[in-house]
Amino acid sequence: MGTGKLPIKNLLRKPGRTCALVLLTAFLALAVFGGSVVVRSLRGGLNSLEARLGADIIVVPGEMASKVDLKELFLQGTVGEYYMKASALDKVREVEGVEIAAPQTYLTSLKADCCAVKVQIIGIDPGVDFTVKPWIDRSLSRDLGDMELAVGCKVSTGVGENLRIYDRSCRVVAKLAETGTGFDTAVYCNMDTMKTLLAAAEEKGIVHRLTSDNGDRISAIYVKVAPGYDVSDIEVRLAAHVRKTKTVRTRTMITDVSESLAGIARTVSLLAVAVWALAFVVLLIAFAMMIAERRREFAVLRLLGTSRGGLTGLILTETALCSLAGGLLGVGVASLAVFPFTTLIESRLGLPYLTPSTGTVLALAGTTLLVTLLVGAIASAFAAWRLSRVDPGTTLREGA
Amino acid sequence: MSMVLRAENLSKQYFRKTGQANCFYAVKDASLALNSGEVTVLMGRSGSGKTTLLHMLSGLLTPTEGKVWLGETDVYGLNDKALSRLRNGKLGVIPQGRSAIDTLTALENILLPAQLAGKGGDIEAAKRWMAALGIEHLSDAMPAELSGGELRRMAIARALAQAPEVILADEPTGDLDDENTERVLTVLRDTAKSDGRAVLIVSHDSEAARYADHVYRMDGGELSPARTTGMN
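Here the protein sequences come in this chain order: A and B.
For the first sequence, the working numbering begins at 1 and goes up steadily by one.
For the second sequence, the working numbering begins at 1001 and goes up steadily by one.
Everything labelled a hint here was simulated from the structure, so no lab data went into it.
Since we're looking at a predicted model, the values are computed, not measured.
Heads up, a few of these hints could be off.
In silico BS3-like links for lysine-lysine, alpha-carbon gap of 30 angstroms or less [stated by the list, open to error]:
#1 A:Lys5 to B:Lys1067
#2 B:Lys1028 to A:Lys5
#3 A:Lys9 to B:Lys1090
#4 B:Lys1028 to B:Lys1081
#5 A:Lys246 to A:Lys204
#6 A:Lys244 to A:Lys195
#7 A:Lys14 to B:Lys1067
#8 A:Lys224 to A:Lys204
#9 B:Lys1127 to A:Lys5
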């Protein structure tokens, strides 16, 4: 005996009851999907940053350590104007065990200074760079030339187009993959281009800490340790040999953040589990109450020829439709709350935040819907099973 | 006239958690036969076991002892699916109290048994039964908009629209005025006589006995014949 369109009619013609169940499951889906996306994004951001940093040790000016938190700087990818003498690079290279030392020079520009967007300008030495160049190589098979830029994914200018910085036209020749950090709004150029841009800024009367007089200064040295050497030992040697600098071990930094991220992930997961457990109990009670309230209606359906299986099917269909609607609503609301505000979440958390791929997001949404359906089905199946144990005649007598 | 529904030594025992006797019989050793083309009326005081007997005859309440036969079929020997199919196709049950599905209109309620059986339902036949019972203007009304008497007549129309072999009506005139009581009893008697259905009416109302071929009385769970012959 089939119940046909009865479940749909039951849901549509009892909007209050239906809305309550949909909202309950929506809350459940929102907590799970939103929590999963945030945790995945944090993990993804950290992994991407780790891959991008590439270096074993980063050497920065000593003044920087007292001004800013190094971890925050590198994790958020917001570079500042701090410099050390270029001779520091030679000093670093003198240390035994240093395989490669690649300099970077940072310049920040306000939107009004140069172009249509606020950018961070990072000068690299393509000849020795091993942190950014591998990412550039994916889209450009040669070194960056003069007045050429590789841009972060959030810089709107496309490859082949020109970007004007301080009234100088630079050609975008490569676009980098997303990191979920401020590096996504950076533009990379060679050191000569950096000097040209600096001179252009001065012509416009814009003063930076870095000037064309001291234009050979650098902001950071990325160090790759030679095989067979202990990174900790090299860090100690660098600290002793290169004065007025600060050394940062990227692995330690990443590990520290990974641990704190694992803590965050655990907390979010625990919260999600608690929300699920609570929602499951609430759903169980809600469905039990709903079915108790409708005992007579179900007994009448039995009287008219609905089998136990048919009745369970009716209840499960209603529940599945509510769960599906609630799941979609929850996933939708969570998407609206999370995806448009990735930059805000990233800056609030102070951690790299890289939204998972569309495929992963769809898989998470699908899993959320599946689990929401499953929880609803378990909760209502239990109530339906209890109902089916009672003779309809007994129920009809009770309610007569 | 053939025997359609037969009850053999039906008993239903219940257990009480409190009281002097911890178990009692709601129905004890009741035997009854319903014939096609006849109206049988079952009378008795409240709590005498009438509804319990009707539910056992309807396949809705498993008896503690005894058997119910529909033709050659042992009703309680069927599995749930077959019993449900039998209730849907061969038994028209009018339960006591409200029995409308609140989310369906009156007409949808009447067509529901056919739709549960996977058929569309005969709308014209349903409307004829509604007209016969004086509720033809309420097709699109929701149960919440109907009075108690209108809901009773809707439940009766639903049972009749099933075109069952047996109609089992529990207090079908309970919420009705005299005019509608007569209308309902007449419809039930006419369907027995013209369509050859076996009709059982459980009622407090002595008026129902006037329409009966057989009258039974229940007292303390025990069934006994009161008389045979009516106004027919």
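Next on the checklist: Are any of the numbered hints broken by this structure? If so, which, sorted upward?
Outcome noted: Checked against the structure, the hints that fail are numbers 1, 2, 5, 7 and 8, while the rest are satisfied.
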